[in-house]
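Trainee: With chain V's structure known, arrange chain D on it following the hints.
Top line first, the protein sequences correspond to chains V and D. Following our numbering, the numbering of the first sequence begins with 50 at its first residue and continues without gaps. Following our numbering, the numbering of the second sequence begins with 2 at its first residue and continues without gaps.
These are calculated hints, taken from the structure and not from any lab test. It should be emphasised that the depicted structure is a prediction, and the values quoted were computed from it without experimental measurement. We treat Cβ as the ideally placed atom computed from N, Cα and C, and that holds for glycine. Any given hint might turn out to be false.
The calculated DSS-like cross-link candidates involving lysine-lysine, where the alpha carbons are at most 25 Å apart (straight line), are [to be verified]:
| # | chain 1 | residue 1 | chain 2 | residue 2 |
| --- | --- | --- | --- | --- |
| 1 | V | 177 | D | 311 |
| 2 | V | 177 | D | 275 |
| 3 | V | 234 | D | 89 |
| 4 | V | 177 | D | 276 |
| 5 | D | 85 | V | 282 |
| 6 | V | 234 | V | 245 |
| 7 | D | 89 | V | 282 |
| 8 | D | 128 | V | 235 |
| 9 | V | 84 | V | 115 |
Quick partial rundown of chain D residues pointing at chain V, CB under 8 Å, derived from the structure [to be verified]:
| # | residue |
| --- | --- |
| 10 | 39 |
| 11 | 43 |
| 12 | 156 |
| 13 | 166 |
| 14 | 390 |
Residue-level listing of the chains:
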Amino acid sequence: MAAFINGIGLISPQKTVETNDFLSEITEYDADFLKCIEPASYKPYIDPIQSRRMSRLIKIGIASAKICLREAECEMPDAIITGTGLGSVEDTERILGSIHLDQPFSNPTPFMQSTYNTISSQIAIQLKCHSYNSTYVHRSFSFESSLQDALLQVAERTAKDILAGGIDEMTNNHLEITRRPGHWKKGKANNLEMLKWDSPGAMAGEGAGYFLLSSERNEKSYACVKDVQTLYKPEGLDEISNRVTRMLSNSGLTLSDIDLVIMGVNGDNRYDHLYHQFAEVLFPSTPLAYYKHLCGEYYTSTGFALWAAANILKRKVFPLILQLNNSHRESIRNILIYNQYQNVNHSLILVTQ
Amino acid sequence: MPRRIFVTGLGIITGIGKNLAETKDSLLNLRTGIGKILYLDTNLRDEIPVSEVKCSLDECFHLADIPVAEGFSRNTLLGIIAAKQAYKDIRLRGFHGQRTGLISSTTVGGMDRCELFYQDFLTNDSKNIYIDSYDCADSTEKIADILGINDYITTISTACSSSANAIQLGARMIRNGDLDIVVAGGTESLTKFHLNGFNALKILDKNLCKPFDEKRNGINLGEGAAYLVLESEESVTKSGRKVICELIGWGNSCEAFHQTASSPDGIGAYLAMKKAIDMSGLDVNDIDYINAHGTGTDNNDISEGRAIEKVFGTKIPPVSSTKPYTGHTTSAAGATEAIISILCLQEQVIWPNMNFSEPMKELNFVPVRELMTGVKVRNVMSNSFGFGGNDTSLIFSEYKP
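Chain V extracted, bound-state conformation:
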């Protein structure tokens, strides 16, 4: 069962809010991680009295959800679903920083905001939306699980307009901690040189992407999310390729119908070969794209990829900055997004015109 993307709100390390630009102006970083370029003010999105107590992630989440709903001209979605791998890291750290002292918390707000469902429920509170509300918190399946739930709602005919998103933040503290097990580059890196890196670890990032998925197409529709598949610890490329073939055939497509593959290449030389093998075996002459040099690696980064795919299909432009090979197609109608996290969580999103 497919759903149409009728609105998007994306806050990312690129200039993607309050602009109509689509990756012609690129922000370069020489940094430890890629940080969101937030709206100049949150006033258009959140009552300032309320926003004063909100942590950064919650503001980013509400703003991107509201941008999405405004674009879709949807006042009241029939479901709100969020994916977040880590929830509010900032609030969690505030608590952890003091917990070893074993003193009572002086302020309950960080605890209230630390629960992972805060973003979905804060969006509901802002909209006074009593509909279905849920939150998925499974690493690099978080955003995909939200999309799958949304597609399931469409199949069940229980909802027409579904707000589904993915959101994660990075902080300096969390970066230093997660550097220890070797997830990230050792020091600063230049995001635009990702393809030249040959070292372990990715460059961390963050972002929030909300999508208004609807059972009905309208004149504003960007694209159609046809299918979303997740694979947990697949046994190898065979299992992934079987899933791709089955997924495409369920939508009446074959490998050659895919005009573009967007992959989660992130410059980590321990895992990037998985993408190259995937492309060589399944899509040897298909145009390929990458995106994590623009937003960094985070659990819900496929939100950025889906935003890119939706814009490519709607605007009929394929920005040079995304291109990973020299293959070319006259027109792009069908896009497959393939992402994997440490060869554990693999996901596939099929997006069509």
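Mentor: Same frame as chain V, now just chain D:
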């Protein structure tokens, strides 16, 4: 006809028992798991009672039947113990090409180790193995690996309704034909993180909790894990597994009122119950028992009580909160109380709302005071409501072929 959802496995570990038989025994004998803190290392131990699983970390490894190893949180181990119990029969009877999923849930994840080692995380490499076990997905992946499930896995976190939502998603995916068997539930270990958090919100009772009592004074936290095996009718036909009961209705709604308080009129609770009843096709009179969320906070019990009155009018079935037994096991509460409700179907009993003495002024009904035995219980409703107003109701029904 939509696909039927059968329950074919149950696994549970809480402060009142390390398995289903012990749980049933405690329920029948009115034994609470709530008492002085014995295992969590906190200076609130003499001040705040909780319902702990009566096991050290090493004993949890033993019960989980896995070798003691680094990188496992108490949260994960409790989850493994309960999920293995639920899944045991599935394994024994073998598979017939069914697609199997694990949908788990938690709120604090591996925080029980993380809060102990956080200063190490910040300053040295000695506890690196625990860094990736702090999130919510780690327990799910470890459980999936041990059960050998890989067709579909995900993790839900909607605070105290998390595992009810996991059960709901499992049912929806089976009904839609995406999966044949789903292990669904949740796990939560007590932590200083949320004990202190609830304490800062001033909603913890320093004595035994008294849900739906005029003098109720807050929550007793608990810990535990509980999982149900849900299965399609086709899958049960193939495997010949015994059906315990049927899941016939579910509803999810959001209060959209306040991050940690419920609305005075209980709109979210009302809508969740209403949706579940509408889906089940039952008349409100067909519900024989409501296992309430009933936390014992001032706020929840008014809100939920009014919502129950609005749904059921003057014909309110027996209502009780079983949190005076298990404590509030947060993310695990939905699955824990689903199983406790299913035991009512199996045993034809209704559990009492322990510690109740004085009716609430605001409500026209009182909860069940004494254990009811030899009663006809055909359909039970289990309510689970969470922070952020994430409210979910489930309806289980006796199995009719």
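Trainee: Determine for every hint whether it applies to the structure shown.
Mentor: Going through the hints against the structure:
Our distance criterion of 25 Å between C-alpha atoms is met by residue 177 of chain V and residue 311 of chain D, whose separation comes to about 20 Å. For the given pair, residue 177 of chain V sits about 19 Å from residue 275 of chain D by alpha-carbon distance, which is consistent with the 25 Å threshold. Among the hinted pairs, residue 234 of chain V with residue 89 of chain D is inconsistent with the structure: their alpha-carbon atoms are about 43 Å apart, more than 25 Å. At roughly 18 Å between alpha-carbon atoms, residue 177 of chain V and residue 276 of chain D fall within 25 Å of each other, so this suggested pair holds.
Restraint check for residue 85 of chain D and residue 282 of chain V: satisfied, since their Cα atoms lie roughly 20 Å apart, inside the 25 Å limit. Among the hinted pairs, residue 234 of chain V with residue 245 of chain V is consistent with the structure: their alpha-carbon atoms are about 13 Å apart, no more than 25 Å. This hinted pair checks out: residue 89 of chain D and residue 282 of chain V have alpha carbons roughly 23 Å apart, not beyond 25 Å. As the CA atoms of residue 128 of chain D and residue 235 of chain V are separated by approximately 19 Å, the hinted pair is consistent with the 25 Å bound.
The straight-line distance between the Cα atoms of residue 84 of chain V and residue 115 of chain V is roughly 20 Å, inside the 25 Å bound, and the hint therefore holds. At a threshold of 8 Å, the smallest CB-CB gap from residue 39 of chain D to chain V is about 17 Å, leaving the interface hint violated. Look at residue 43 of chain D: its Cβ gets to within about 7 Å of chain V, closer than 8 Å, so that hint holds up. Interface restraint check for residue 156 of chain D: the shortest CB-CB distance to chain V comes to about 4 Å, inside 8 Å, so the restraint holds.
For residue 166 of chain D, the interface hint holds, since its Cβ comes within 8 Å of a Cβ in chain V; the closest pair sits about 6 Å apart. For residue 390 of chain D, the interface hint holds, since its Cβ comes within 8 Å of a Cβ in chain V; the closest pair sits about 6 Å apart.
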